[in-house]
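J.: In case you want the letters, here they are:
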Amino acid sequence: MSSLINDGVDRVLTETVLAVEDLSVTFPTDDGDVHAVRGVSYQLRPREVLGIVGESGSGKSVSSMAVMGLLPGSARITGSIRYRDQELVGRGYKEMMGVRNNGVAMIFQDPMTSLNPVYTIGWQLAEAYRAHHPVSKKAAWAKAVEALELVGIPQPDRRAAQYPHEFSGGMRQRVVIAMAIINDPDVIIADEPTTALDVTVQAQILETLLRIRDETDAAIVMITHDLGVVAGMVDRVQVMYGGTVVESGPVDELFDTPRMPYTVGLLGSLPNPATLGKRLTPIKGSPPSLINLPTGCAFSPRCPLVIEECTTTEPPLAPTERVEHTTRCHRWEHLASLERPQALFEHEEIGSVENPAALTQADPDLPVSEDLAVVEQRLAQEEKSDD
Amino acid sequence: MIRYIIRRVLISIPILLIGSVLAFFMVAGAGNPLAELKAKPGTTPQQIADLEASLGLDQPIIVRYWRWLLDFLQGDWGQSIALGQAKVEVFDSVMRALWITARLVVGAEILAIVLGVTVGVIAAVRQYSIFDYLATSAAFLMFSMPIVCVAIILKTYGIQFNNVLQDLGFDRWLSTVSPAEGGFQGSFGEVVFQYTGTYLLPTLSLTLISFAAYSRFQRASMLETLNSDYVRTARAKGISQRRVIFRHAFRNALIPVSTLFSLNAAVLFSGAIITEAVFGWRGMGALLVSSIRTFDPYMLMGWLMVTAALVITFNLVADVMYGILDPRIRLA
Amino acid sequence: MPSDPSPVLNPATPGGPVRTTVGATGSEFDTTKARKQSTLIIKRFLRHRLAMASLVVFLLIAAFGFLGPLFWTVSIEDTSSRGYLPPSAEHPLGTIQTGKDMLAQLIVGTRLSLAISLVVAIGSTVVGVVMGTLAGYLRGVVDSAISRFVDLMLIIPQIAVAAILVRALSGSWYVVALILAAFAWMQTARITRGETLSLSQREYIEAARAAGAKTRWIIFRHLVPNMVGTITVNTTLAVATAVLSEAALSFIGLGVQSPDTSLGLIINENYSQITNRPWLFWGPFVIIVLISLAVNFIGDGLRDAFDPRQTKVRS
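Chains as they are written, first to last, in our numbering: chain A, 1 to 387; chain B, 1001 to 1332; chain C, 2001 to 2315.
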């Protein structure tokens, strides 16, 4: 890619490498249909880093597996996934073989189990190369060593002859990255690549990925639930909830001016040194069941801004005041008008006190513990006397 | 690897030694070999006293053990206690019987592994298909059949099959009696004919049950590897489905099967004993039964020591196989 | 205004804090009832049709063996009839060589074979679990001693030693049962030891020890309940193996001896008749196979019931 002339480079850099449109994935199970992914769309250009953020069960991994064609046969996939000008939806295993790890590569989550324990690293890398290039074993081995060097593994020629169990976790993840880049893919999908690693190693891995992006012009899809990773690395963010995209936009905008209550909740649930001594503010409740999704917006049962319309109609993914920043919320304008949106999720607990000992000092007759029924009775009486 | 093997062999020696002590005491304490003889009318006390002296039965047990051990290590395994017949050397009897049984056991195990692994792999790759259900049902059925009955049934139908062959004008192929002492005579074709005819039914009896275990085990192991992360990675590399199944899933699924191999050794031997009893073979099984009946001490000791050594060897082979298959163990 | 215990869905709060009462449970998020573990396991087992059917078959066979004499009163010693009679109303399965009724033989044989395998299963499980847990939990000298002993014992084919011991002691069914149990416990001990070794690594064992729990308490209240699944499955396999081992032993004449009888002994006495009087062979054969099959399927059902990780996606 770097050998193209300037004009060509510009053209290549603006053309879309991966276009996902209205992707939906459904799994039939004994308990009903699991709507794992609903109407997800995004576009990737070279050198772009897209972050996909969401909790477990939000559909972020499944949508990426759909791009790679690695979902089980029972999955029903609708929509369109276009890699360059090839349609990937509807392709069988054989037809996907040419694209896998060649045009679109994937890095999986757990490096400890992602590598085959009975073959050497070099063998596995060489296999990845020979799957798409008809070269001799020696040439493939040389390429393997080269890939190891690219990801920053010292003494690559010696290490290539070793087995996975002789590598540490961080090293193994680098090997997995090496396997993903050995064929110079246009798109690298990294599914929570650092979740299983130490924080220090995490930084190194992310830095390696960015370096590869710089050197090969690949586009990266970074799937994670860690907002810190998102802040440090991606250009654009897609927030997923309940199987669909609920907010999407440039990373700075999302952090500074979120336009969807779920995003606000996510950002607010991060432990923040500024709130030292205060309670954490999680989002109450749990993610929806993908078999029994609530009517209307998937987040409505837990949303502090919910109104009637939210529970009957699912909002469309629509632009906010800036076109590239879209949100799936009926009340985004209201949210935009709030001074401190984080306050939506703060809650005081009636009946719980920061320092119970001080209370008993002030009033020794105060009961140390009471039944819930007694407390509620007293509250009801207090309310009545308020009226 | 060589060092590992040497270490294992060296450890086996004290194990065999302790085993021999236990075995000797058990055999000696089990019963008096001359009890039957004493009860037989017409045996004089003098004959019995002579026999006792020649067998060393009048000595305390520790001394007897020590003498036996010394002789054993020098190749003199003692003699059988047959009275009034030519003295039978234990070593010769055991070796002759072993030759017959060993071919049976080894053949059966190899066949069981090959068949079991193949069926297990296919059943796993085509999970829940007709083949899978058939294979599973067959395995369950075979697990549940006592080897006694399998052997009996095969022998009966073997004879009927022979009758059919004879009616059609062919030679009777399947033999249900013991292989001849001198081995198989004749041209290559004739030898093959005789060998397969003699060994087919008993080997099949032994194989069927081992095969069931291997196929179930392999199926479970294969299912586990097919669902593993590294197989997912392999698929993501864009290689063919076949390569994924064989080079990645199967290669890993084979590792636990080698542990089954070592567990199976003693079981296989027990099965061989039964099979030989059904087919009337004069192998290790018959030898054991006859020597137990008469509490023949030296024969029993010879039999037990040889069997123990065989099982230890079996285990060693299995562990070496395991080390070859799994590099994580190899370098430890 | 009455107090609202779950004011989450309160549209009236435009941006202020949400007030919740301490202790109030968010009932709208309860989608499943909490159920006891044992109930879940039993439910899963009941769903396994094959295992249920096998349980019924097993109970029927047990009834045949243990309750049979109440209905079929012909004594097994009765040699009044002629030998080798074909099946008739008087002798539904004919008679054996000495004139004894085959059906009566089968009833007693079934009973004793089942009794042997149950004794073996229970005895070997109890001893095996205790030994295995001790070895796996205490490790060190205890573990070495037990493991070496087991390894040693497993070197010699079980059938040889069992045969020698039976010949030395007696051929009564309970002696055979005890001897078989003396071998079966080792397999259980091995498996239990392995499980204990891996379970001991878990933190809750360390926590229990730190809280001062005694070894016996930890073993019986923490370790064993977590291994119940594996142990139960193993016990069912032990039953099946015992039935087959006993048949093998008795067949070569070194197992159960007269006056006791067992399925293996019946086969021994009658297998030569397989072509002339097949009913004499197929009777005991079918019963042995049914017992083994039933027990194996029950074991399979138990394994599925105890292991919740089994998933089956509709294809």
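Keep in mind that a hint or two might mislead.
[To be verified] With the Cβ distance kept under 8 Å, some of the chain B side facing chain A (calculated, not the full set):
| hint | residue |
| --- | --- |
| 1 | Gly1238 |
| 2 | Arg1242 |
| 3 | Thr1259 |
| 4 | Ser1262 |
| 5 | Asp1326 |
These are calculated hints, taken from the structure and not from any lab test.
Beta carbons are placed, not taken as given, at the ideal position from N, Cα and C, and that holds for glycine.
J.: Run the structure past the numbered hints and jot down the numbers of the failing ones, going up.
T.: 2, 3 and 4
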